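Student: In order, the protein sequences belong to chains A and B.
Start counting the first sequence at 1; every next residue gets the next number (the working numbering).
Start counting the second sequence at 404; every next residue gets the next number (the working numbering).
For the record, the hints were derived by calculation from the structure and aren't laboratory data.
Every value quoted in this text rests on a predicted model; they were computed, and no experiment measured them.
Glycine included, every Cβ here is placed at the ideal spot set by N, Cα and C.
Honestly, I wouldn't trust all of these hints.
With a Cα cut of at most 30 Å, we get these calculated DSSO-like pairs of lysine-lysine [stated by the list, open to error]:
| id | chain 1 | residue 1 | chain 2 | residue 2 |
| --- | --- | --- | --- | --- |
| 1 | A | Lys148 | A | Lys200 |
| 2 | A | Lys25 | B | Lys660 |
| 3 | A | Lys222 | A | Lys200 |
| 4 | B | Lys649 | A | Lys3 |
| 5 | A | Lys14 | B | Lys514 |
| 6 | B | Lys724 | A | Lys397 |
Short, incomplete list of chain B residues facing chain A, as computed with Cβ under 8 Å [stated by the list, open to error]:
| id | residue |
| --- | --- |
| 7 | Gly412 |
| 8 | Val416 |
| 9 | Gly536 |
| 10 | Asp538 |
| 11 | Phe539 |
| 12 | Glu651 |
| 13 | Gly675 |
| 14 | Cys695 |
| 15 | Thr720 |
| 16 | Met722 |
| 17 | Lys724 |
| 18 | Ala728 |
| 19 | Ser732 |
| 20 | Leu738 |
The following residues of chain A were derived to be distant from chain B, with all beta-carbon distances above 10 Å [stated by the list, open to error]:
| id | residue |
| --- | --- |
| 21 | Lys14 |
| 22 | Ser62 |
| 23 | Leu63 |
| 24 | Glu87 |
| 25 | Pro261 |
| 26 | Tyr273 |
| 27 | Val277 |
| 28 | Ser281 |
| 29 | Ser363 |
| 30 | Ser393 |
| 31 | Glu395 |
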Amino acid sequence: MSKLLSELENILRKNRDLVRVIVRKINDYWFSYMKETGVDHLKIMDFCGTHEWTITHYGIRSLLPRGVELVAGPGCPVCVTPSYYVEELIRLALDGVTVYTYGDVYKLRSHRSVKGFYSLSEAHASGGNVKVVSDLLAAIKDAKLHGKPSVFAGIGFETVAPGYAQAVIKRLIPGNLKLLSLVKLTPPAMFYALEVSQEKPTEPPVKGVIAPGHVSTVTGAKAWEPVAENYGIPVVISGFEPVDVLVSIMKIMEQLVRGKPSVVIEYVRAVSYHGDVAAQSSIWRVFESVDDAWRGIGFLPKSGLRMREDYSDQDAFKEYGIRELSPVDWGYDMPSGCRCAEVVLGKAYPSQCPLFLRACTPSSPIGPCMVSAEGTCAIWAKYGSRDLLLKLSIELKGNIGGA
Amino acid sequence: MDYITLAHGAGGVEMLELLEKLIFKRVDDKLKRVEGGVGIDIADDAAAIPLPDGRYVVVSVDSYTVNPIFFPGGDIGVLAASGSINDVLMLGGKPIAMLDTIIVEEGFPVKDLEAVIESMLKVLREENVALIGGDFKVMPRGQVDKIVISTTAIGISDNPIIDKPAPGDKIFVSDYVGDHGAVILLMQMGLGRDIEEISTGMLRSDVKPLTKLMVPLLSKYRYCVNAARDPTRGGLAGVLNEWAEKNELLIYISEDKVPIREPVKRYSEMLGIDPLYLASEGVAVLSLKPECADEVVEYAKKLGFGNSRIIGEVKQTDMFKGYVAAETSIGGLRLVEPPRGEIVPRIC
Ligand code: SF4
């Protein structure tokens, strides 16, 4: 088994011959597309933070034709969670409620201070009760032991929702622990990002989407149909290995040349057209969709999940009297000077932010895009920004000192 | 910055900035070394003092804390003895003597202390290094975490290595990197027992003195070595970045060529950690002149370091001074940034 896996890994991560073939195909499609349409520059949006990681970590950008840019999209749940809810969590922690959270959320900075504190980690350092956990089950286990009032910060996309729903339905969560559902739905964000890119066309325009693989295992490929239908943009649902992403780019280019945009599944080993129907039905049994705020962006219709009335006894909103944010209350909630909201929408690259790697670094992050491991700023800080790597790759091919 | 954080002690960017501000800037240039020698003007934890006969005394100091104290492949005693011996070796010295300071917490089991000291002495015996002095203190419970050992190693060198990688140099590593860091991290996460490779002994700390490699290698190929380091805290990425930065060079490695054990690779990935940043405690990284690099690799193999290889090269460019870049496994390009902060596994 492990031999098989390592062979598979060699194919998906190391097979340079295969990579060369795919890259050649991408180039062929690109040249015929340029010839047919006269377009000489376009963008493909990679929605998911994990895709951006693969792309940057494996240096995929340096393998593509100059005119084909990859730009990251809204696929970082920590980046888009409104500051208001982080502030509410800090308040709870200071009031003696145990707050369970993921590692990135722990470090996330809020826009306004709560009694002088800007993050759960600061609140923790001054005696607030905050515990970093890997998932809801770990929080359940721990909360059962102490029995004190607690809340789990349920941040994430469709991928985390089925787990939360199961725990709620099966009543696995002890009475002292409440779930704060801040789950966000990805399709509305993608539609919005594309809407924005169409209204004020970016230069170059977005002409393809690499859709999230994990989310699609739950939602199914059908969730992305509107992208192809309404915007005429090809969508490929991709796996997370470098060869997956390259094949996805190839499939997008192929569709562009053929002029027939549709939704294609590259990640066939995990994703189907209809998705995980059982997971979907458990999600809708526990949650309902609401218009939800995205940090730095504002309200997007039907883009968040809150618990239904039937389960209000497990709902942290009800238990702790947390008010819902409304469009009237919502104000721009990114730190000043931080372009994270534009980065999330694919309107700016991190390196276009004046604070990138100057005032804002992984060890002292300013905006959420630098805090989360899935944030584009954090990924670029670690593995290099696009412009820098393109220059470096030219330099390395050219005639420079040394062997 | 008002308070010290753990990141300040992790051997990365934060630590260098702090030390620059608190120490290096405040010491007069002429007091940064003994005349004619090497001090904090160049090396950090090791120094060289000239002797009248033209040779040098090479000294290195380091303190060791590790959690857990006993880990697969060694314990804090082996680590403290080998670590300082290796620092002397990397400066081109042949270790001859050591001093130690042991600080123990009240309540620490005598049996464990005995075991730790025995492992330390065993290394010294095998290395033929004299223990010529030391200090022993006990701190009240809670004022030190179990045990801290600090060691000073002393050696003699004909020609100390002052790290100066040059354009065209080849980057050499003597063995798999990251074993020690991976094992410690997995132990700290409480995964030690669940991991087959650890319980079967396949994966353990690589902590060991590098005398058998460095002494013969330098006596034969000293002229070929422009820089030598052991990639402890901060890992391979830390050493290469320091070289690139201080010498305003570009170091370009091929990720495929960096030897990393399969389980280290797998568990690092699981934890969201890059093995290039994991510590090794028994690996040498050298910057070798290109004309003799292959010979050195062959020779190191003969000395029993069968995984020795060249992983990259040093280049000079106008635009990219102080960068480390890697050709990825699919032939793409990425940067290898200097280590920052502590190594924290990805939680979600
Ligand atoms: S670099 Fe920092 S400040 Fe700039 S957009 Fe990214 S997170 Fe915001």
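Student: Check each numbered hint against the structure and report the violated ones by number, ascending.
Tutor: The structure breaks hints 1, 4, 5, 7, 9, 10, 11, 12, 14, 17, 21, 22, 23, 29, 30, 31; every other hint is satisfied.
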